[in-house]
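Asks: As a plain string of letters, each chain reads:
2 protein chains.
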Amino acid sequence: MTNDAIKDVVMIGAGPSALTAAVYTTREDIDTTLYEKAAVGGLAAITDMVDNYPGFPDGIEGMTLASQLEKQAERFGAKIEYGDVSAVRVEDGMKVITVDGKDVKAKAVLIATGSDYGKIGVPGEAEYYARGVHYCATCDGAFYRDRPIAVVGGGNSAVQESIFLTRFASHIDLLVRSTIKASEVLQHDLKEYIDSGKITIHLHTTTDEIVGADGKISTVKVTENGQPREIAVDGVFVFVGLKPNTGFLGGTGIELDELGLIKTDQKLQTNLPGVFASGDVRSGATMQIASAVGEGATAALSIREYLEALDKK
Amino acid sequence: MTNDAIKDVVMIGAGPSALTAAVYTTREDIDTTLYEKAAVGGLAAITDMVDNYPGFPDGIEGMTLASQLEKQAERFGAKIEYGDVSAVRVEDGMKVITVDGKDVKAKAVLIATGSDYGKIGVPGEAEYYARGVHYCATCDGAFYRDRPIAVVGGGNSAVQESIFLTRFASHIDLLVRSTIKASEVLQHDLKEYIDSGKITIHLHTTTDEIVGADGKISTVKVTENGQPREIAVDGVFVFVGLKPNTGFLGGTGIELDELGLIKTDQKLQTNLPGVFASGDVRSGATMQIASAVGEGATAALSIREYLEALDKK
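The listed protein sequences correspond, in order, to chains R and S.
What the first sequence shows, in the working numbering, is residues 236 to 548, in sequence order.
What the second sequence shows, in the working numbering, is residues 236 to 548, in sequence order.
Lysine-lysine pairs mimicking BS3-like chemistry, simulated, CA-CA at most 25 angstroms apart:
id : chain 1 : residue 1 : chain 2 : residue 2
1  : S       : K502      : R       : K498
2  : S       : K502      : R       : K478
3  : S       : K502      : S       : K478
4  : S       : K416      : R       : K547
5  : S       : K498      : R       : K502
6  : R       : K478      : R       : K416
7  : S       : K433      : R       : K547
8  : R       : K242      : R       : K340
9  : S       : K451      : S       : K354
10 : R       : K314      : R       : K242
11 : S       : K340      : S       : K272
12 : R       : K502      : S       : K478
13 : R       : K433      : S       : K547
14 : R       : K426      : S       : K547
15 : S       : K498      : R       : K498
16 : R       : K502      : S       : K502
17 : S       : K478      : S       : K498
18 : S       : K314      : S       : K272
19 : R       : K242      : R       : K306
20 : R       : K547      : S       : K426
21 : R       : K416      : S       : K547
22 : S       : K340      : S       : K498
Here are some, though not all, of the chain R residues that point toward chain S, as calculated from beta-carbon distances under 10 angstroms:
id : residue
23 : P251
24 : E263
25 : F291
26 : Q303
27 : T373
28 : S526
29 : L536
Far from chain R by the CB rule (all over 10 angstroms, computed), these chain S residues:
id : residue
30 : G318
31 : Q422
32 : K433
No lab work stands behind these hints, which were simulated from the structure alone.
As the structure is a computational prediction, the values presented were derived from the model and not from experiment.
Glycine included, C-beta positions come from ideal geometry on N, C-alpha and C.
Required output: the full structure, derived from the provided sequences and hints.
Replies: Structure follows, in structure tokens:
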């Protein structure tokens, strides 16, 4: 196994999960290359303040955390390259990864491409990302204690997270494009909050613009039953689906769950031997940096074990 | 459910996993009490330098990391109390935890008591803990690049970790009290390293003392086949078993694996509804802070879900 053209491990993505895995593999002298098509650090890098990543009692800026993870992986020798992975296939046990149209060979692969939150695509949404517009109630709900917010969406997660957010927000306007699509159970639970006045539901309502000033949100402009109106809020939470970054896996035969997330076993190996997955792209992901990082460490130990067994053959 | 005497969540142990879980639960206003019988921060707190906890590119002292985790949990309202938990039982769905002889009631329990490394109990072992005497090759092996070390033990993990440590150490003296008890496969693998001179094996050898000066190890004193001798090493790795802190679970009916670690499902729930486990005490644990922390976050989300379902009843 001295073919220099064959890498030990290729990691697809360079968010917290892959960067952690790379700290572990490179610290053990396992040759590791990460391919990232957008920003190193993943969603963490574009998060304003991370309050619940363990080890930083006063919180840490997402960008700072991302750059520290990058530095740590590079300290032990991880190679982080920009490149768009369009395909992964297995040939005679060797993993072949197509990066920017060229084939790269590796003994093992970690898929840690994460998931993106579904966007509504309205003015103000990108501008106030993570500073008023949020996609994760667990992460950012606590920033809205006793403050009015809006929630956009009408499916299971929009209803579930609205109910969860009532423990923080003073009031929630739930903006639903058509009608509520959530399960009967959730709709039943929701009714209680509507009755108590904690949640006001707006059906047949499109969200048109998120308006703010001085870096803060003040208003969300909507069209409710054909009539334009403005609702004063401090924050907007959007729950219109999750988009796992698995488009490049078509044809690989890697098993996905019903949400399009990658299925793994306890060791975080997919159904293809030597191909592992961790973080937000994995089935069962919590969309939490702490979990992504933990899975990165676990995946790295599994990868080491896989490589050791391979080298013995 | 307004009985003040019933706590929402009791966490047993206050290491990285429980402290992380507590950051999550308390940030969501879930009343959380942790009981710790020894040191807050668990094994992390007594680790000299943690090099692979993600987010600290230059490493962080274990004690500093532990105190930052503690601060973070307390910032959101976690109550950390010293107390020895001797039993857990379930009565009509309510969890009853015996702390210092008194019963405490809770709706949900997280067991995060960790595991301790088996000790050999010789002079110098405690004194040089984490500063020359180590119990985790993944954690500390990389500190011994091109340096001579000794490994104590003769079972599967001692042999496996010795082989792993050859990627760092210049030479390994493997100190085996009687004979090698590892699997045939591992013994076969080991032979290759003995033949190449990378590992020297000492059978019927007791480790008597770890000797050092100026805070560094210089020598390990052994008795080999009845003869005393000294071996010059920079570090000693001890692999004589893992002791999960599950002694208090006798009679609870909580399922353990063959190593005595607690079995859980994907949501980190044990076979008892409402009783969860995370970190080093859980079956499949990697003994890595990153993984323990990730599981803490995941367990907290599962606990929230459990409590929400409970409150609806």
